[in-house]
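Please work from the sequences and hints to get the whole structure.
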Amino acid sequence: MKVNAVFEGGGVKGISLAGAVRSAELAGITFGKVAGTSSGSIVASLLAAGYTASEMKLIIEETPFRSFLQRAPIFNTKVIGPAVRLLVRKGLYSGQALEQWARKLLLAKDVVTFGDLPSGKLQIVASDITNGKLLVLPKDIARYGVDPKRFPVAKAIRMSTSIPYFFDPVLIRQPVGEGNRSRKRKLRPQFAYIVDGGLLSNFPLWLFEKEVDENRSPIPVLGFQMVGRNASKSHRITGPITMFQAMFETMLSAHDERYIEQEYRMRTIKIPTLGVGTTQFDIDPETSDRLYRSGLEAGTKFFKQWLAHERQKTETPE
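Counting from 212, one number per residue, gives the positions in the sequence shown under the numbering used here.
Simulated from the structure, these hints should not be mistaken for lab results.
Keep in mind that a hint or two might mislead.
When the alpha-carbon atoms are kept at most 20 Å apart in a straight line, the in silico EDC-like pairs for lysine to aspartate or glutamate are as follows [to be verified]: (1) K512 - D500; (2) K268 - E422; (3) K512 - D321; (4) K332 - E422.
The following label-pair restraints were derived from C-beta to C-beta distances [unchecked claim]: (5) V323 - E266: 15 to 23 Å; (6) E508 - R354: 38 to 46 Å; (7) Q516 - I430: 13 to 21 Å; (8) P359 - P400: 21 to 29 Å; (9) E521 - N342: 25 to 33 Å; (10) E425 - E236: 17 to 25 Å; (11) G239 - E422: 14 to 22 Å; (12) V347 - P496: 32 to 40 Å; (13) K213 - D321: 38 to 46 Å; (14) R354 - L485: 32 to 40 Å.
These figures come from a predicted structure and were not determined experimentally.
All residues carry an ideal CB built from backbone N, CA and C; glycine is no exception.
Okay, structure coming up:
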């Protein structure tokens, strides 16, 4: 069965999404259009490029996620260094290593820009905090005078995964509009700051609401959502940086608790994340494997019930 899929963001917890994708493959599910936010954008992009869940698992096993936490040695001075970098660059770490990693993986499947994929195959959500707008990439990059087909997929991933204050925001030059030449209006900022899509829409199920197949029949939309937190886990706040990290994780967790219409509730794979934190980039192999298996188990249970329900619908006369 063919479905469109939306993958929720959740930082390192996104490892569990690969396990859920594997359960979909084992159930005979094929993916049409895919979308994602933050770590969900990575999984969606790899699927769009042609990666299988088994290949994703191998990537996870071979990737030291801590290597994404890069910054110049000058900013490693205890206490002062990170604070200075945060002041100067607006982030504790550069997101460049993550972008290069994604670019290399996509290039292995001959994908560099969105133009290398079928039209509408992949959509990635990011947040423009300069203009206070949600971005659905690639189409919304046209607002900045950039051709959506020529926009690099890896750059979109970096935008969507740029956790505020943790990774540097991505700066996009803004075109000067006619209204900005008026003396009565303030000049538009030269650059727009783009950060994690989870700020505005961490689980954009609405993206594929009206999609139909060649027979004009609605294409099912499945959501892959990471849920569950360790009740005993608390955030240790020692300063403004750790306080913001706690606020951001709490905000993302709140997305898990928000109301989802019954229509979507029936089509959402809920994956327990075993108390793993969004920015736990020093995750050990054992915990990583547990996350993957959590996704596999949650997906297997879901598809057994969902496919039975879908078969019953087709067998029941109108």
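Please name the hints from earlier in the document that this structure breaks, with their numbers sorted from lowest to highest. 2, 3, 9, 13
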